[in-house]
Amino acid sequence: MKTADVVIIGGGPAGLAAAASAKEAGAEHVLVIERNNELGGILTQCIHNGFGLHTFGEELTGPEYADRFIKKSTEAGAEFLLNTMVLDISGDRIVTAMNGTDGLFQVKAGAVILAMGCRERPRGALNIPGSRPSGIYTAGTAQRLINIEGMMPGKEVVILGSGDIGLIMARRMTLEGAHVNAVVELMPYSTGLRRNIVQCLDDFNIPLLLSHTVIRTEGKEHLQGVTVAEVGPDRKPVPGTEIHYDCDCLLLSCGLIPENELSRNAGVKINPITNGPVVDDTFETSIPGVFSCGNVLHVHDLVDFVSEEAGKAGRFAALYAQAEKDGKLAAAEKEVLAEEGKSADGAAASAEEVRAADRKLRGSHAVQVAGEGGVRYTVPSDIYTDTMDGKVTVRFRVGKVYKGAYLSVYADDQRIFHQKKKILTPGEMCQVMLTKDKLSAMPERKRLTVKIEEE
Amino acid sequence: MYDVVIVGAGVTGAAAARELSRLDAKVCVLERGEDVCVGTSKANSAIIHAGYDPKPGTLMAKLNLEGNEMMDELCKDLDIPFKRNGALIVCTDESKMGALDDLLKRGEENGVKGLKIVRGQELRSMEPNLSDDVVAALYAPTSGIICPFEMTIAMAENAAENGVEFFFNSKVIDITRDLEGLYHVKAGDKEYVTRAVMNAAGVYADEVHNMVSADKIEIRPRRGEYCLYDKEVGSYVSHTIFQLPTEKGKGVLVTPTVHGNMLAGPTSDFITDKDDTSTTADGLAEVLDKQCISVKPLPGRKIITSFSGLRAHGGTGDFIIGEVKDAPLFYDMAGIESPGLSSSPAIGRMAAEWAKKTLGLSGKETFKKTRKGIPHFADMSFAERSDLIKSNPLYGQIVCRCETVTEGEIVDAIRRPLGARSLDGVKRRTRAGMGRCQAGFCSPKVLEIIHRETGLPYDRITKCGGKSTIVLEHTKGQTTEEAEGEGKA
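Quick note, the sequences are listed as chains A and B, same order. In terms of the working numbering, the first sequence has 139 at position 154, counting the first letter as 1, and numbering is strictly consecutive. Take the position in the second sequence, starting the count at 1, then add 259; the result is the number in the working numbering.
Calculated cross-link-like contacts (lysine to any residue; reagent style SDA-like; alpha-carbon spacing at most 20 Å):
1. B:K561 with A:I242
2. B:K490 with A:G252
3. A:K205 with B:R680
4. A:K205 with B:D532
5. B:K475 with B:G576
6. B:K726 with A:S116
7. A:K(-13) with B:F641
8. B:K561 with A:L111
9. B:K704 with A:E134
10. A:K205 with B:N428
11. B:K735 with A:T159
12. B:K430 with B:E477
13. A:K93 with A:G252
14. B:K649 with B:A637
15. B:K704 with B:A637
16. B:K555 with B:G519
17. B:K490 with A:I255
18. B:K490 with A:N260
19. B:K561 with A:I255
20. B:K490 with A:L111
21. A:K221 with B:E545
22. A:K254 with B:R560
23. B:K704 with A:N68
24. B:K533 with A:Q209
25. B:K735 with A:L160
26. A:K205 with B:F566
27. B:K533 with A:R201
28. B:K561 with A:N250
29. A:K221 with B:T539
30. B:K704 with A:N22
31. A:K140 with B:G725
32. A:K254 with B:K561
33. A:K205 with B:F427
34. A:K254 with B:E491
35. B:K735 with A:G135
36. B:K704 with A:E23
37. A:K205 with B:T539
Please keep in mind that the hints were generated in silico from the structure rather than gathered at the bench.
With the hints as extra help, turn the sequences into a complete structure.
Below, the structure is given as structure tokens:
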């Protein structure tokens, strides 16, 4: 069986940044497995600019941004397998994959990084009543058709959902000569970034209908029209508010779902809110040696944060693989077994024992991190204060729009952070920085709570 | 001249075609759609019923039982996935137990084997996710689940391999009978002359029948809406769970599909438009509401799609099958609603018997009864997958991530007899696009493969025939030719 220190599943922005930093952290053999025929993930079809402001201080297009990380990871010495699909990851980190050239093969990984990204919520999952003609696509599929394949899915367009891809596609289709009738959003707020609403809708006079939804699709073979209606506070259509649009194209931008089929099959614990793995401050999942970053972990708005997060995951994965190589994990396993009164020469350690050994290397003290009162989730869910970096960024999303509210962090019942925020909205990921100095100073604390407090 | 023209390439027409292909006869099938299995046969509960439900003495009862018994051999010969998962007809009201007993007696009278009433712990251990209200159930072990597309396609492919001709986009517009008693069937701009006609036109069977007979029939489309759940909840129940019919109606069923999803439905509404397979807010709400009568609530977020299908209701309480009185050698296979899918192999066999008796046709030695399906990469072992990729590297390339469908399977679906020409055609044959992303990722790739394999320009490749094109034009208003020309330059 082939071996690698770090195997990264997915060659999008997360996988590329993780690969570069795993190499920089000393991992010898870093292998990125990508199912597409090129690296860069969804960035390859995002030909608009606006990427990289945080990372590079300039506005790059998606392919340009991807290119920087492709160069960086290639120069660092990462290896890539394209057109290759991972079928399975076992609990002991044997990755099964396939392609047309090598057939079906397995790689034993020192550490695995899950970086599979996300997919769009399809029409079926939205349960929109009506006919099922052609002309209904997710915004990302339309983006691929136009930007990569050079084909127009329609000329008269309605977009359901104000996610960022939907907003970007409203502008893109307009520039390609289509007429975008409206962007229709079920919620009373947009789920996209403010700057995209201004640059993609306002600048092109495209109406954004908040608290509206598509209640019917029409047309037997090809889409001929949609009916839109206002929704009440219960998100149910209000009779009498129907608007009809003649259109040949309905695009859906109604949310992104992390692609965790492989993670679930491997037994990784999934957070039901993010639909992504539960991770600690090193981005390690519930399975020792399996890490996760990017949109498969939680859906981001900005690729810069994906790269930053993935860079850390890559470094920690490399350290894990090194610890295993050095025999440190095996030594810790022996200790765990000895504590349980078992002979170290006996049967192999159980999954729990492997995990306990892994944790042993991380130091004894962990605090739980959780969201409360408007904070829907946090990444990470645990911080090991003995071995944590000097600073840990806790990222989260809120459940509704808050104006002038306070963002607070409590360590058990003691408030350790309190800051007034002009606006917090579900469409924009929020973050708070915690320092090792602060957390180490209160070793007795067990739980950190991030919450929104209104005056 | 044809011996038999079959109108309709749904499951009934395909079954008839396959059975007739055993005979030394010239047979063709005229289908208005762009593919086989595009009408009633494509959207239904996908159940092979045990046969306890039809009224004893009816054709429905007889053909359901025969069809059910024929399934094992048929599926083995034609490489169709089929599973006898058994059905439970649940009763949620102790005072209605009499009705459950009646159903048991009716089933036994119809000849259904293995029926029994189960209760209490035995029932709960068979099906832990039944709702708490369920007091007892009739267990029918011979009930099964099948993929209606694969069943129809397999029979049609086998018929085609044995010499039956298929003509698509061929809507029958007129049928006349000449002085010699031959039928002239006009479809599209062509005319087919034949000794006999078999009418398997589904919801349009009345229109076809009424072209030749003064004794008019009416087929009313009855629409049923369904919700399909993600494979993640595919083992929520293992049997097909029916509700005991009450004065409020037949109720909705909850069943695993043979491919591992969970299906709930149908509603039952008469409509007037025979092409209207749209879903409605009320209908979908009804499915979600009524499924909870028999099972504990399924997680709504796991729905991956909803759809509706039409059932061809003949209004006679039975199938309308047989030679039309005032039109010799014109045979109806009409009003084929539930249990039509289950009965279809037996209806097909009847068709062959008619042909033998009245047309004097006999069997042919060259008949090849087996057909090999498209390899299902997703269901294979490590070694099988390895060998397949070695034999053809296209099997090493996954196109549909959700259902693990390879490029090799898609190419096979296009190249084989009666091959796919549309996205839905590929989907029904390979499951590409049938998973949780509902073709979001794979449709551009499938489009490219269809273009490469068939030479069809991109702007003429459809989702499901007719005007259902996927792309309107190339950007900058170019045609495929222009766009490719530019690419080459």
